[in-house]
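As given, the protein sequences belong to chains F, G and Z, one line each in that order. Position in the first sequence (first residue = 1) + 65 = the numbering used here. Position in the second sequence (first residue = 1) + 3 = the numbering used here. Position in the third sequence (first residue = 1) + 16 = the numbering used here.
Honestly, I wouldn't trust all of these hints.
Below 20 Å or equal to it, Euclidean Cα-Cα: the simulated SDA-like pairs (lysine to any residue) are [as the list claims (entries may be wrong)]:
{"hint": "1", "chain 1": "Z", "residue 1": "K38", "chain 2": "F", "residue 2": "F146"}
{"hint": "2", "chain 1": "Z", "residue 1": "K97", "chain 2": "G", "residue 2": "F315"}
{"hint": "3", "chain 1": "F", "residue 1": "K122", "chain 2": "G", "residue 2": "F315"}
{"hint": "4", "chain 1": "G", "residue 1": "K305", "chain 2": "G", "residue 2": "K571"}
{"hint": "5", "chain 1": "F", "residue 1": "K122", "chain 2": "G", "residue 2": "E265"}
I should point out that these hints are in silico values taken from the structure, not numbers from a laboratory. Quantities reported herein were computed from a predicted structural model and do not represent experimental measurements.
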Amino acid sequence: MRRWPLTETSVTESHQEHAEHPETTLGVSNDKLGMWVFLGSDCLLFGGLISTYMLYKDRIGPTDLGAEEMFDIPFTSVSSFVLLMSSLTIVLAITALRRNDIRRSRIWILSTAILGAIFVGGQVYEFTVFYREGLGYTTNLFGTSFFTLTGFHGVHVTVGIIFLMSMYIQSMRGKLTSAQEERLEIIGLYWHFVDVVWIVIFTIVYLFPQ
Amino acid sequence: MAIVEKEEASGELEIGEAVTSEEKPLGAFTRPRGGNGWKDWLFTVDHKKIGIMYGAAGLLFFVIGGIYALFVRLQLARPANTILSAETYNQVFTMHGVVMIFLAAIPLAAAFANYLLPLQIGARDVAFPRLNAFSFWAFLGGGLFLLSSMFIGGWWENAPDGGWFAYAPNTGVIFSPSKGLDFFAIGLQITGIASLVGAINLIVTVLNMRSPGMTLMKMPVLSWMLFIVQLLLLFAMPVISVALFLLTFDRLFDANFYNVAEGADPLLWQHLFWIFGHPEVYILVLPSFGVISEIIPTFSRKPIFGYPFMVFSGITIGFLGWGVWAHHMFTSGIGPVAVAAFSVSTMFIAVPTGVKILNWLATMWGGRIRFSTPMLYATAVIAMFTIGGLSGVTHALAAADTQQTDTYYIVAHFHYVIFGGIILGFFGGFHFWWPKMFGYFLSEKQGKLGFWVMVLGFNITFGPQHILGLQGMSRRIQTYSQGQGFDLWNLVSTIGSFLIALATLMFVINILTSWRAFKAGKTPAPGPDPWDARSLEWMTASPVPEHNFDEVIQVERQDEFWHRKWGKNEKGEVVRRATAEEVAHDGSNTNVHLPAPSYWPLIAASGLPIIGYGLVYSLWLCIVGGLLILGGLYGWVFEPVDDPNAEGDHHDHDGDKTNLTLDEGSDATNEEVAID
Amino acid sequence: MTATEETQIEESWVKQDWVYIKTAIILGAFTAIEVFTYFESVHNAPDWLMVLTLSFLMVIKFFLVAAVFMHLRDDNAIFTKMMVMGLCLAWPVYFVMAFAFGFLPNWNVIVKVIFLLAPPAIIGFWLGFSFKGGEGSHH
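All chains should be built: construct the whole structure from the sequences, respecting the hints.
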């Protein structure tokens, strides 16, 4: 029940629409498949960064600025929760768009972007606190690998926010319709992946006993 | 993938059709009209043109990398030679490796993949044509960025000098203060983006755009090998990306990922690099295996022996390749347990390759073989790769490898598998598909002569290096002293290298003279199927028309094209059913809908090397590059895939993908759409 | 479409929304549990138990987001395969690398091997048995 049937005269269709036709070999859209393929590869990227962090997290040198001292678990739990809820809001945006409730969809899109921004803001705040407490990027290897890992994640979230805001601006210009449902879904996939990576990072980096 | 025909423009709106309006697109597009002006090449999204550009670039970089090799060999021809200083020598051999692997071998494979894969599966183009163009321009930008290190700041002052696998901490700022390794790290990141994005493209293409009836197990072996390669690229590129990011952060931002004095582990780089590096060598060799798996059945006039085994051994190689990386690290102190485990896994991986070799030989056995140039090359690949593989198996034994590592024995091994396995295969592929891609034959006589010079030269160059290695000559040394017993074979090796250079020159001359002979009418047009081949790319005109096929091909079995030409009579004998010209499409259906060219991929890709220069020299440039990328991406996303102003096409609104034709089923409130 | 069809569709959307909200609540609850374990047990429970519990919760959360929010559960199996390929590759490779660096020195070898192979095996089973292939996913 997911695709609007398209008329035969829709030669205007983009490749995206061509692919949405059952005429693709697997019956799925090229764009969606492309995003999943990309997400598969992103697993390896974060795997490498997490492994590097795991290797270096105890190397604090002569300083005593390590994980146990620096982390503020309550604070990070709140921002993790925020990110988790943003996964919900994007999914609600998609279902709203599917049933053509543009206004609600727009609200949920904006909410997701705001929640994401709160998360990033929380990260920035956390980093500034660490810096003020003496843990800079190059202070010790724990710091470097921690900031690199969370920094890459933060950049991913920011890129996601840019996607979402672009969709939001499109909707403000009246161009968001249920035909873009797949595009929003693809953005949603990316967003969920970023959330899932944070689930892993939060557990392994913050919650595992040091 | 459906071939969508353009509708004749009609004056009336049908139900569900959007009100159309003339819209100025975001830029000045030109519709491809089979033209070959420079703009058509610069803005093309056609996989065939992109493939040809990859091939031309790959060949050019192969020559450049080869010139580096000649200088290395000249320096080593005599003991205590002084042609290259030590600092320069380090840069030259590093650039030789980097250029050959990343700028020659990978793009040559990409050339075959881009040109042939859509054709072999009966598709009209790849899944994301503009992304394809972006891949090529990003690769070219990264490659030129890397090569510019050769002369920026003076000749051979700032080229990377840490070897192609750039072991940290040697490649950190302390031990490698020149900018060379920054060029290395950033250049490879850029080409890595190109490869990753290309891999996504081709994976989706293979999964989702096959001709009706073409199941995965009916695809030609080349398509399978290329598909596996894309999956390997997809998962391996992020790992080297991490390694290079860490190196870049070390060098530019004083991170200490590889700085042992600050507590870093010296093996981190090695692990990350080789986790990428080993799948990388299968990325390099599997395309060539695919190429010869097409050539050998054609010229043996027999189907490939054991098709499922060919496919599954390829999959196995791809999978097992992830479990052997530390065999590049046997002497790095990883401990006896790890060494033993990786030694065993490395021995395992010889098995699927052996399966392939046996299958190729079994294909040839009992066939009526024609030793045209492509077949000569393909046969040579089997022989040379076997030799290289055997020396590789000796490396798998960790105890033996402890003696062999970092000697010329290793150099001999990998040149036998890389040059013997990959480059020879690609040259065979060039000769095989040249008539299809360009519409004229390469000279057989010159081809055969060139083949013999190349194989002779190659063996003279690298054969003696086995001996040198076993005698103890270290690799990556700028010179050696007299009286160690290395003199003779080094000289022989150098002479061989010039024969390789001669053979390459002969190939280039072959291209030019064959082209002239064809233009002068002295050689015949090859027609769609000059070799009586088996797969779908031969089922259309030569050179391949822009739209590939005239109609959708319903595939019923493997080697579909061949079976349409040949059948079996009641006696079970193979008899001709139709000529190739009767079966093949002649390219006359010019009514096929094509994706419009675009310059946004080029703009977006151009930002990458600019960011690179910015990181090395001035961060302001990064902003410029970043804006180019951002602007390019926005222009790209909001550009319709199809040119709205082309005649015969319906239009999009505001040049925007968002306002597509909606049908009766929607209750869209978009006031721009008029629904009757 | 008719009014009843419209309300039916609307209801199925509402039901769908409710599934998402339920999942989000469960995810939030798990996160709360995780944080709770961090505080309460951090001084009492042995490390391996903590790691096991937290890993278990992490995997469930991952699974829920992937299956429900990313609707892997309802979509063509090829999407699951791509994700699984990435995971099954990343996990053992990086785990072996960690092992080569001398992580987990005092763990039993058998435990290490189980840790290495269990996740890909579990994911493989999940993939093989619980997901129907999409149309056209032939090999």
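Verification of the hints:
no. : hint            : result
1   : Z/K38 / F/F146  : holds, 15 Å
2   : Z/K97 / G/F315  : holds, 18 Å
3   : F/K122 / G/F315 : violated, 41 Å
4   : G/K305 / G/K571 : holds, 14 Å
5   : F/K122 / G/E265 : holds, 13 Å
In this structure, only the earlier hint numbered 3 is contradicted, and the remaining ones agree with it.
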